[in-house]
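Undergrad: Once you know that position 136 of the first sequence is 136 in our numbering, the rest is easy, because the numbers rise by one and skip nothing.
It should be emphasised that the hints constitute simulated quantities derived from the structure, not laboratory data. One thing to keep in mind: the hints can contain errors.
As the list claims (entries may be wrong) - Label pairs and their computed distance ranges (CB to CB): (1) Pro60 - Gly102: 19 to 25 angstroms; (2) Glu170 - Ser129: 18 to 24 angstroms; (3) Arg71 - Arg209: 19 to 25 angstroms; (4) Pro70 - Arg214: 41 to 47 angstroms; (5) Pro25 - Ala143: 23 to 29 angstroms; (6) Gly186 - Pro42: 27 to 33 angstroms; (7) Asp172 - Ala118: 17 to 23 angstroms; (8) Arg214 - Pro173: 35 to 41 angstroms.
Every residue gets a Cβ at the ideal spot worked out from N, C-alpha and C, and that includes glycine.
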Amino acid sequence: MPVEEHDGHSLAAPAPLARDFFDRPAHEIAPDLLGRVLVHGPVALRLTEVEAYGVPGEDPASHTYRGRTPRNAVMFGPPGHLYVYFTYGMHFCVNLTCLPEGTGSGILLRAGEVISGAGTAMARRRAGSARAVREVDLARGPARLAVALGFTLEHNGLDVCVPGSLFVTEGDPVVAASIRSGPRTGVSSGKETPWRFWIDGDPTVSPHRPHVPRRR
DNA sequence: CTCCCGATTGTCT
DNA sequence: GACAATCGGGAGA
Numbered sequence: 001m002p003v004e005e006h007d008g009h010s011l012a013a014p015a016p017l018a019r020d021f022f023d024r025p026a027h028e029i030a031p032d033l034l035g036r037v038l039v040h041g042p043v044a045l046r047l048t049e050v051e052a053y054g055v056p057g058e059d060p061a062s063h064t065y066r067g068r069t070p071r072n073a074v075m076f077g078p079p080g081h082l083y084v085y086f087t088y089g090m091h092f093c094v095n096l097t098c099l100p101e102g103t104g105s106g107i108l109l110r111a112g113e114v115i116s117g118a119g120t121a122m123a124r125r126r127a128g129s130a131r132a133v134r135e136v137d138l139a140r141g142p143a144r145l146a147v148a149l150g151f152t153l154e155h156n157g158l159d160v161c162v163p164g165s166l167f168v169t170e171g172d173p174v175v176a177a178s179i180r181s182g183p184r185t186g187v188s189s190g191k192e193t194p195w196r197f198w199i200d201g202d203p204t205v206s207p208h209r210p211h212v213p214r215r216r
């Protein structure tokens, strides 16, 4: 939607990334997503940390490892859509689907820097909690990110490659020299695969926690 | 049906 | 650093 400037020229809204951006393997897209901007209504987020999850049968850490189910069906759909899931009985996490229809793969959005709509994000994050939230913590962690951007299961399956209130745009791609990678966070299988990618030194990147088995 | 555990986080010691 | 909260997915009987 063009926005009218005072002189009558139209100022184009940022264009969504094309769908073929997402028509690649997750581990290839993931580092390329760093510095890109996810917009949802008033809140815009510069991505600083993501994790790639691979195709069925090849990545035991992926929700799609054992094939298609009602929960993970969106991952098997076309690329460039939100896959939102509910976990630990209380949290939502957000992925972007990739690879063509029929292939279950995606990228988990783990953290980012809120660059617009911080007031909205802060209100969402503080709801139901007495403690203050630092700006850098607004979307520092996948479930916090979902809250800050206002994502719930209602948003599962939405397209992020069309203009409107939800899309991913170019942002400022991060040069390879400032990208780090390592094992994914909190996964019990596929521990060796270094498919977590983050911007080196960025304060909005979440602390890495290795997987710990639940106590009895 | 039962059982186990999770792509987490906030709070307390 | 430890642990509770809280419930649904998926495996297996």
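Undergrad: Do Arg214 and Pro173 keep their Cβ atoms within the hinted range of 35 to 41 angstroms?
TA: holds, 39 angstroms
Undergrad: Evaluate the given range 41 to 47 angstroms for the C-beta pair formed by Pro70 and Arg214.
TA: Between Pro70 and Arg214, where Cβ atoms are some 25 angstroms apart, the hint is violated.
Undergrad: When you take the CB atoms of Pro25 and Ala143, is the distance between them in 23 to 29 angstroms?
TA: At 26 angstroms between Cβs, range holds.
Undergrad: Take the C-beta atom of Asp172 and the C-beta atom of Ala118, compute their distance, and say whether it sits inside 17 to 23 angstroms.
TA: holds, 18 angstroms
Undergrad: Quick check on a hinted range of 18 to 24 angstroms for Glu170 and Ser129, using CB atoms only.
TA: violated, 34 angstroms
Undergrad: A range of 19 to 25 angstroms was offered for this pair. Does it hold for the Cβ distance of Arg71 and Arg209?
TA: holds, 24 angstroms
Undergrad: Per the hint of 27 to 33 angstroms, is the separation of the Cβ atoms of Gly186 and Pro42 within bounds?
TA: Roughly 30 angstroms apart at Cβ, these two residues keep to the hinted range, so it holds.
Undergrad: Starting from the range 19 to 25 angstroms, see whether the pair Pro60 and Gly102 falls in it by beta-carbon distance.
TA: holds, 20 angstroms
Checked against the numbered hints above, the structure breaks hints 2, 4 and satisfies the rest.
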